[in-house]
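K.L.:
Below, each chain spelled out in residue letters.
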Amino acid sequence: MPFKRYVEVGRIALVNYGKDYGKLVVIVDVIDQNRALVDALDMVRGQMNFKRLTLTDIKIDIKRVPNKKTLIAALDAADVKNKWESSSWGRKLIVQKKRASLNDFDRFKIMLAKIKKAGVVRQELAKLKKETTC
Amino acid sequence: MSYKFHQFQVVGRGLPTESDEHPKIYRMKLWATNEVRAKSKFWYFLRKLKKVKKSNGQMLAINEIFEKNPTTIKNYGIWLRYQSRTGYHNMYKEYRDTTLNGGIEQMYTEMASRHRVRHHCIQVIKTATIPAKLCKRESTKQFHNSKIKFPLVFKKVRLPTRKLKTTYKASRPNLFV
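Here the protein sequences come in this chain order: A and B.
The opening residue of the first sequence carries number 48 in my numbering; numbering runs sequentially from there.
The opening residue of the second sequence carries number 222 in my numbering; numbering runs sequentially from there.
Accuracy of the hints is not assured; some may be wrong.
What the hints assert, rightly or not - Subject to a maximum C-alpha distance of 20 Å in a straight line, what follows is the list of computed EDC-like cross-link-like pairs (lysine to aspartate or glutamate):
#: 1; chain 1: B; residue 1: 362; chain 2: A; residue 2: 79
#: 2; chain 1: B; residue 1: 370; chain 2: A; residue 2: 79
#: 3; chain 1: B; residue 1: 225; chain 2: B; residue 2: 242
#: 4; chain 1: B; residue 1: 376; chain 2: A; residue 2: 104
#: 5; chain 1: B; residue 1: 368; chain 2: A; residue 2: 108
#: 6; chain 1: B; residue 1: 370; chain 2: A; residue 2: 55
#: 7; chain 1: A; residue 1: 70; chain 2: A; residue 2: 126
#: 8; chain 1: A; residue 1: 106; chain 2: A; residue 2: 89
#: 9; chain 1: B; residue 1: 384; chain 2: A; residue 2: 67
#: 10; chain 1: B; residue 1: 362; chain 2: A; residue 2: 123
#: 11; chain 1: B; residue 1: 376; chain 2: A; residue 2: 123
#: 12; chain 1: B; residue 1: 377; chain 2: A; residue 2: 126
#: 13; chain 1: B; residue 1: 370; chain 2: A; residue 2: 89
#: 14; chain 1: B; residue 1: 354; chain 2: A; residue 2: 79
#: 15; chain 1: B; residue 1: 274; chain 2: B; residue 2: 242
#: 16; chain 1: A; residue 1: 70; chain 2: A; residue 2: 153
#: 17; chain 1: A; residue 1: 110; chain 2: A; residue 2: 67
#: 18; chain 1: B; residue 1: 368; chain 2: A; residue 2: 79
#: 19; chain 1: A; residue 1: 106; chain 2: A; residue 2: 151
#: 20; chain 1: B; residue 1: 362; chain 2: B; residue 2: 331
#: 21; chain 1: B; residue 1: 314; chain 2: A; residue 2: 104
#: 22; chain 1: B; residue 1: 357; chain 2: A; residue 2: 67
#: 23; chain 1: B; residue 1: 262; chain 2: B; residue 2: 242
#: 24; chain 1: B; residue 1: 368; chain 2: A; residue 2: 104
#: 25; chain 1: A; residue 1: 110; chain 2: A; residue 2: 151
#: 26; chain 1: B; residue 1: 377; chain 2: A; residue 2: 104
#: 27; chain 1: A; residue 1: 177; chain 2: A; residue 2: 153
#: 28; chain 1: B; residue 1: 377; chain 2: A; residue 2: 108
#: 29; chain 1: B; residue 1: 370; chain 2: A; residue 2: 104
#: 30; chain 1: B; residue 1: 368; chain 2: A; residue 2: 55
#: 31; chain 1: B; residue 1: 376; chain 2: A; residue 2: 79
#: 32; chain 1: B; residue 1: 354; chain 2: B; residue 2: 315
For the record, the hints were derived by calculation from the structure and aren't laboratory data.
With the sequences and hints as input, model every part of the structure.
P.N.:
The structure is reproduced here in structure tokens:
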């Protein structure tokens with residue numbers, strides 16, 4: 048089982064601790080064994096410890112330490128946002144966020160939808176059961 | 222990023238006397254945790270260099286020096302003089318960091334861990350930003366690679382906030398990536 052996700056210039060990582068929790072950042076340079084220079088659309092370029100980052104599968108093509116304009120252009124060219132939101136990991140995070148931001152009325156609506164869905168599934172199951180027993 | 226050690230520029234001179242109306246003004250750049258300590262350090266060093274003390278001298282200016290480009294990585298070379306259990310030694314150390322204050326802080330913590338030297342036994346002689354070609358230490362030179370690539374082995378999964386911390390867990394952690 049070799050490694051597939053490497054720390055390299057252009058690797059997209061997810062911040063999993065601290066002030067910028069949940070943000071997608073680009074590794075723009077490596078300071079030393081434990082820290083990387085990291086940049087994102089809405090933050091000043093700064094250093095971050097690898098312990099705060101989880102590497103993703105997405106990698107963009109940039110040179111070491113690009114300026115903000117080239118970084119944004121490269122992010123758009125590689126379509127990072129859509130790739131992330133269509134990946135299963137990205138989708139799970141969106142669902143988690145949605146669930147956490149529900150109000151009581153939304154939860155009521157979800158309850159009704161769940162009951163309806165369960166009812167439809169149970170009808171189909173009853174039909175299948177009838178066919179196999181008869 | 223808050224650093225413990227701040228860099229100060231301290232300017233002072235001896236008090237003017239009848240024999241010396243305009244004494245020479247001396248300026249020092251040093252590292253201290255706060256301004257008060259910086260002023261004290263200034264007089265400590267000046268006493269060793271010139272015949273002047275805090276009681277017959279005056280402080281003219283003290284300013285904090287901030288990093289010009291805290292978003293670029295630089296290689297810092299630090300020359301220091303430290304006191305070990307057996308005597309004084311000189312040392313040259315290299316660090317890779319975004320700011321000089323960060324490099325100095327790395328130096329203090331490394332001296333404390335590797336040589337058991339407390340911070341009051343260390344005197345910084347000189348610091349410089351070293352271009353990559355002139356770095357001497359292998360541990361900094363190994364990061365001078367524009368196509369650097371390495372995997373993160375042993376990824377310990379941490380809770381996003383300390384509030385969610387638990388002493389006991391249901392299963393052993395998965396450390397692979």
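K.L.:
Run every hint past the structure and note whether it holds.
P.N.:
Comparing the hints with the structure gives:
1. Only pairs whose Cα atoms come within 20 Å are accepted, and residue 362 of chain B paired with residue 79 of chain A is accepted, the gap being roughly 10 Å.
2. For a cut-off of 20 Å, the pair hint linking residue 370 of chain B to residue 79 of chain A stands: about 12 Å separates their Cα positions.
3. Our distance criterion of 20 Å between C-alpha atoms is broken by residue 225 of chain B and residue 242 of chain B, whose separation comes to about 39 Å.
4. At roughly 16 Å between alpha-carbon atoms, residue 376 of chain B and residue 104 of chain A fall within 20 Å of each other, so this suggested pair holds.
5. Distance check on the hinted pair: residue 368 of chain B and residue 108 of chain A sit about 12 Å apart at the alpha-carbon level, within 20 Å; holds.
6. For the hint pairing residue 370 of chain B with residue 55 of chain A, the CA-to-CA distance comes to about 5 Å; that is within 20 Å, so the pair holds.
7. At roughly 16 Å between alpha-carbon atoms, residue 70 of chain A and residue 126 of chain A fall within 20 Å of each other, so this suggested pair holds.
8. This hinted pair checks out: residue 106 of chain A and residue 89 of chain A have alpha carbons roughly 19 Å apart, not beyond 20 Å.
9. Taken as a hint, the residue 384 of chain B and residue 67 of chain A pair is honoured in the structure, with Cα atoms around 17 Å apart against an allowance of 20 Å.
10. Taking the CA atoms of residue 362 of chain B and residue 123 of chain A, the gap is near 33 Å; set against the 20 Å cutoff, the hint is violated.
11. For the hint linking residue 376 of chain B to residue 123 of chain A, the alpha-carbon distance of about 29 Å lies beyond 20 Å, and the restraint is violated.
12. Taken as a hint, the residue 377 of chain B and residue 126 of chain A pair is broken in the structure, with Cα atoms around 30 Å apart against an allowance of 20 Å.
13. For the suggested pair residue 370 of chain B and residue 89 of chain A, the alpha carbons sit about 26 Å apart, so the restraint of at most 20 Å is broken.
14. With a C-alpha separation of about 17 Å, the suggested pairing of residue 354 of chain B with residue 79 of chain A holds against the 20 Å cut-off.
15. Taken as a hint, the residue 274 of chain B and residue 242 of chain B pair is honoured in the structure, with Cα atoms around 17 Å apart against an allowance of 20 Å.
16. Taking the CA atoms of residue 70 of chain A and residue 153 of chain A, the gap is near 26 Å; set against the 20 Å cutoff, the hint is violated.
17. For the hint linking residue 110 of chain A to residue 67 of chain A, the alpha-carbon distance of about 24 Å lies beyond 20 Å, and the restraint is violated.
18. At roughly 14 Å between alpha-carbon atoms, residue 368 of chain B and residue 79 of chain A fall within 20 Å of each other, so this suggested pair holds.
19. Distance restraint check for residue 106 of chain A and residue 151 of chain A: the Cα-Cα separation of roughly 40 Å exceeds the 20 Å cut-off, and the hinted pair is therefore not satisfied.
20. Between the alpha carbons of residue 362 of chain B and residue 331 of chain B the distance comes to roughly 18 Å, so the proposed pair stays at or under 20 Å and holds.
21. With a C-alpha separation of about 37 Å, the suggested pair residue 314 of chain B and residue 104 of chain A falls outside the 20 Å cut-off, and the hint is violated.
22. For the given pair, residue 357 of chain B sits about 36 Å from residue 67 of chain A by alpha-carbon distance, which is inconsistent with the 20 Å threshold.
23. For the suggested pair residue 262 of chain B and residue 242 of chain B, the alpha carbons sit about 26 Å apart, so the restraint of at most 20 Å is broken.
24. For the hint pairing residue 368 of chain B with residue 104 of chain A, the CA-to-CA distance comes to about 18 Å; that is within 20 Å, so the pair holds.
25. In summary, the hint linking residue 110 of chain A to residue 151 of chain A is not supported, as the alpha carbons are separated by about 48 Å, beyond the 20 Å threshold.
26. Our distance criterion of 20 Å between C-alpha atoms is met by residue 377 of chain B and residue 104 of chain A, whose separation comes to about 18 Å.
27. This hinted pair does not check out: residue 177 of chain A and residue 153 of chain A have alpha carbons roughly 36 Å apart, beyond 20 Å.
28. With a C-alpha separation of about 28 Å, the suggested pairing of residue 377 of chain B with residue 108 of chain A is violated against the 20 Å cut-off.
29. Distance check on the hinted pair: residue 370 of chain B and residue 104 of chain A sit about 14 Å apart at the alpha-carbon level, within 20 Å; holds.
30. The hinted pair formed by residue 368 of chain B and residue 55 of chain A meets the criterion: a straight-line CA distance of about 7 Å does not exceed 20 Å.
31. In summary, the hint linking residue 376 of chain B to residue 79 of chain A is supported, as the alpha carbons are separated by about 17 Å, within the 20 Å threshold.
32. A distance of roughly 13 Å separates the Cα atoms of residue 354 of chain B and residue 315 of chain B; the hinted pair therefore holds under the 20 Å criterion.
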